[in-house]
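Q: Spelled out, the chains give:
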Amino acid sequence: MTDQWPRYEVFKQDRPDGPFRNVGSVHAPDAELALMNARDVFARRPSCVALWVVPDAVIVRRTAEEFAREKGGRDERETEDIIQYAVFSKQSQRQAMTYVDYVGELAARSPVEALHRATETFRESPGIVWWVCPASAIVPSDPDDLPGFAAATGKMFRMPNQYHTIFTMQKIRRGEEGDD
Amino acid sequence: MDDVMGQALADRLMVMGDDELILAHRNSEWAGHAPILEEDIAFANIALDEMGHASIWYGLRGELTGEDTDRLIFFRNPGQYRNVQLVELPKGDWAFSMVRQYLFDAAENIQLGYLKASAYRPLAEAAAKIATEEAYHLRHTGLWLRRLGLGTEESHARTQAALDSLWPYAQQLFMSLPDDTALFEAGIIPDAALLRREWEGKVRPILAECGLAISDGAMPRRDIPRTEHTEYLVALLSELQSVARLDPEAEW
Numbered sequence: 001m002t003d004q005w006p007r008y009e010v011f012k013q014d015r016p017d018g019p020f021r022n023v024g025s026v027h028a029p030d031a032e033l034a035l036m037n038a039r040d041v042f043a044r045r046p047s048c049v050a051l052w053v054v055p056d057a058v059i060v061r062r063t064a065e066e067f068a069r070e071k072g073g074r075d076e077r078e079t080e081d082i083i084q085y086a087v088f089s090k091q092s093q094r095q096a097m098t099y100v101d102y103v104g105e106l107a108a109r110s111p112v113e114a115l116h117r118a119t120e121t122f123r124e125s126p127g128i129v130w131w132v133c134p135a136s137a138i139v140p141s142d143p144d145d146l147p148g149f150a151a152a153t154g155k156m157f158r159m160p161n162q163y164h165t166i167f168t169m170q171k172i173r174r175g176e177e178g179d180d
Numbered sequence: 181m182d183d184v185m186g187q188a189l190a191d192r193l194m195v196m197g198d199d200e201l202i203l204a205h206r207n208s209e210w211a212g213h214a215p216i217l218e219e220d221i222a223f224a225n226i227a228l229d230e231m232g233h234a235s236i237w238y239g240l241r242g243e244l245t246g247e248d249t250d251r252l253i254f255f256r257n258p259g260q261y262r263n264v265q266l267v268e269l270p271k272g273d274w275a276f277s278m279v280r281q282y283l284f285d286a287a288e289n290i291q292l293g294y295l296k297a298s299a300y301r302p303l304a305e306a307a308a309k310i311a312t313e314e315a316y317h318l319r320h321t322g323l324w325l326r327r328l329g330l331g332t333e334e335s336h337a338r339t340q341a342a343l344d345s346l347w348p349y350a351q352q353l354f355m356s357l358p359d360d361t362a363l364f365e366a367g368i369i370p371d372a373a374l375l376r377r378e379w380e381g382k383v384r385p386i387l388a389e390c391g392l393a394i395s396d397g398a399m400p401r402r403d404i405p406r407t408e409h410t411e412y413l414v415a416l417l418s419e420l421q422s423v424a425r426l427d428p429e430a431e432w
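As they're listed, the protein sequences go chains A and B. Position one of the first sequence corresponds to residue 1 (my numbering), numbered consecutively onward. Position one of the second sequence corresponds to residue 181 (my numbering), numbered consecutively onward.
No lab work stands behind these hints: they were computed from the structure. Each hint should be verified, as a subset may be incorrect.
Some chain B residues judged to face chain A by a derived CB distance under 10 Å, without partners named [said to hold, decoys possible]:
(1) L217
(2) E219
(3) A222
(4) F223
(5) A224
(6) N225
(7) A311
(8) T312
(9) A315
(10) R319
(11) L323
(12) L374
(13) E378
Take a look, some chain A residues computed to stay more than 10 Å from chain B by CB distance [unchecked claim]:
(14) H27
(15) M36
(16) N37
(17) D56
(18) V60
(19) D81
(20) R94
(21) Y99
(22) R117
(23) V129
Here are the simulated distance ranges between beta carbons [to be verified]:
(24) B:E334 with A:R174: 55 to 61 Å
(25) B:P405 with A:Q170: 48 to 54 Å
(26) B:E334 with A:D30: 17 to 23 Å
(27) B:E333 with A:P140: 30 to 36 Å
(28) B:D396 with A:A57: 44 to 50 Å
(29) B:R251 with A:K171: 23 to 29 Å
(30) B:G381 with A:F67: 58 to 64 Å
(31) A:A57 with B:Y412: 51 to 57 Å
For glycine and all other residues, C-beta sits at the position ideal for the given N, C-alpha and C.
Isolated chain A (complex conformation) (with noise of 0.2 Å):
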């Protein structure tokens, strides 16, 4: 038993038409708190136009290393209805940012069919990290939450080194406090 509120992953879109890009995550107790807390956690600096929050229970993840474990020994046991999942894939380890994408939808059987079949649909994206989800699992922010994300990124803020400080301490040390 945890007394933690449940996880949501979030994805954020930068920019009309720009890919939605997993940030991080935020707990809240419903989809509506968890939109509200993703966008005071990650969209209040940073450039927003949209938010998904999708609940960690239901998202299914697979590396590349644990596909080519599982080769042959995929579960068939695919029985579930045939419904849409949302597929995400990790391209790079380059960047800072290295986060899973939204890359598009797909129809199968189970979760497993899901993420084997997504690395076939989507082979021009060859993903070292694979999520998948029911594709009704998001939650989208809705437009009219779009003043709300651009608020605050248009609002003047200083970053901490914008401040001098290493630059200032050292003049004090070196006795030239005040010489400007």
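Starting from the known structure of chain A, arrange chain B on it as the hints suggest.
A: The following block gives chain B in isolation, referenced to the frame of chain A:
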């Protein structure tokens, strides 16, 4: 704008700035103490927004009076502050801070709606800018109010207790200053009585939906002027102003 009108507007802007500044300070006391990390960040954001709004109102006042915002904030004594007592009360529990923020946000949203059409253009422009953030604040506190009011027995009891103590204080938000009439007649600010009616029309049904009751019997016995403060403002300002007053000439 003539001198009399200018002074009346300067007085009104100080009221608006002081309400936001003191509320921002109270909200900032939750930093590191909110019930969950995400809410800690969100409420700190709201506190920063309110502080930014205070700075905008003081700035508009400064354009009329030539005063410097930092001097206004750090070198006025408690008796010179014009905020309502609602915002200076200690932060209380989470329900108390949420209910206070909700009642204040609801009033501010309605006021900003009118100020966007103010005949004093700088005020109208500032209101339009602030309104987007305030709409978000109201949504934030509205979502919380619902969950606290309809949540557990304990969350409901705490929220009801907060409303019981805050409702009478909230009435002070709608008290006119002596020279507000001239500003209203010039189309610069809305009528306070109208704001109060709209505010009640908005918050009463929402509070009821959240399972919360308003005890109308507990209204203040007299109108409290904005020159009167509780002892809590003295302690708050002594903390808020302590660093600036260590070296009044320091540049930041």
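Q: None of the hints should be skipped; say for each whether it holds.
A: Here is what the structure says about each hint:
The interface hint given for L217 of chain B holds, since its Cβ lies 7 Å from the closest Cβ of chain A, which is under the 10 Å cut-off. For E219 of chain B, the interface hint holds, since its Cβ comes within 10 Å of a Cβ in chain A; the closest pair sits about 7 Å apart. A cut of 10 Å between beta carbons decides the hint on A222 of chain B: the least distance to chain A is about 4 Å, and the hint holds. With its C-beta approaching chain A no nearer than about 9 Å, F223 of chain B sits inside the 10 Å limit, and its interface hint holds.
A cut of 10 Å between beta carbons decides the hint on A224 of chain B: the least distance to chain A is about 9 Å, and the hint holds. A hinted interface residue such as N225 of chain B counts as satisfied when its beta carbon comes closer than 10 Å to some beta carbon of chain A; here the least separation is about 5 Å, so the hint holds. Hint status for A311 of chain B relative to chain A: holds, with the closest Cβ pair at about 9 Å, below 10 Å. Annotation: T312 of chain B was flagged as interfacial toward chain A, and the flag holds, the nearest CB pair being 4 Å apart, inside 10 Å.
At about 7 Å, the closest approach between the beta carbon of A315 of chain B and any beta carbon in chain A falls short of 10 Å, and the interface hint on this residue holds. The interface hint given for R319 of chain B holds, since its Cβ lies 7 Å from the closest Cβ of chain A, which is under the 10 Å cut-off. Look at L323 of chain B: its Cβ gets to within about 6 Å of chain A, closer than 10 Å, so that hint holds up. Proximity of L374 of chain B to chain A is violated relative to the hint, the smallest CB-CB distance being about 26 Å (cut-off 10 Å).
The interface hint given for E378 of chain B is broken, as the beta carbon of that residue sits about 21 Å from the closest beta carbon of chain A, more than 10 Å. Its closest Cβ contact with chain B, about 6 Å, brings H27 of chain A to no more than 10 Å, contrary to its assignment away from the interface. Listed as outside the interface, M36 of chain A is inconsistent with that label: its C-beta sits roughly 6 Å from the nearest C-beta of chain B, within the 10 Å cut-off. Non-interface call for N37 of chain A relative to chain B: violated, since the shortest CB-CB distance, roughly 4 Å, does not exceed 10 Å.
The non-interface label for D56 of chain A is consistent with chain B: the shortest C-beta to C-beta separation is roughly 14 Å, beyond 10 Å. Distance to chain B confirms V60 of chain A as a non-interface residue, since its nearest Cβ pair spans about 25 Å, more than 10 Å. D81 of chain A, annotated as away from the interface, keeps every beta carbon of chain B farther than 10 Å; the closest lies near 33 Å. Distance to chain B confirms R94 of chain A as a non-interface residue, since its nearest Cβ pair spans about 29 Å, more than 10 Å.
Non-interface status of Y99 of chain A relative to chain B is upheld: no Cβ of that chain comes within 10 Å, the nearest being about 18 Å off. Every beta carbon of chain B lies more than 10 Å from that of R117 of chain A, the smallest distance being close to 35 Å; the non-interface claim holds. Distance to chain B confirms V129 of chain A as a non-interface residue, since its nearest Cβ pair spans about 25 Å, more than 10 Å. The supplied range of 55 to 61 Å is met by E334 of chain B and R174 of chain A, whose beta-carbon atoms lie about 58 Å from each other.
Range check, P405 of chain B to Q170 of chain A: Cβ separation about 52 Å, and the 48 to 54 Å hint holds. Between E334 of chain B and D30 of chain A the CB atoms are about 19 Å apart, so this pair conforms to the stated range of 17 to 23 Å. Taken as a hint, the range 30 to 36 Å holds for the pair E333 of chain B and P140 of chain A, whose Cβ atoms sit roughly 34 Å apart. The hinted window of 44 to 50 Å between D396 of chain B and A57 of chain A holds, with their beta carbons roughly 45 Å apart.
As the Cβ distance of R251 of chain B to K171 of chain A is approximately 28 Å, the hint placing it in 23 to 29 Å holds. The supplied range of 58 to 64 Å is met by G381 of chain B and F67 of chain A, whose beta-carbon atoms lie about 59 Å from each other. Taking the beta carbon of each, A57 of chain A and Y412 of chain B are about 44 Å apart, not inside 51 to 57 Å as hinted.
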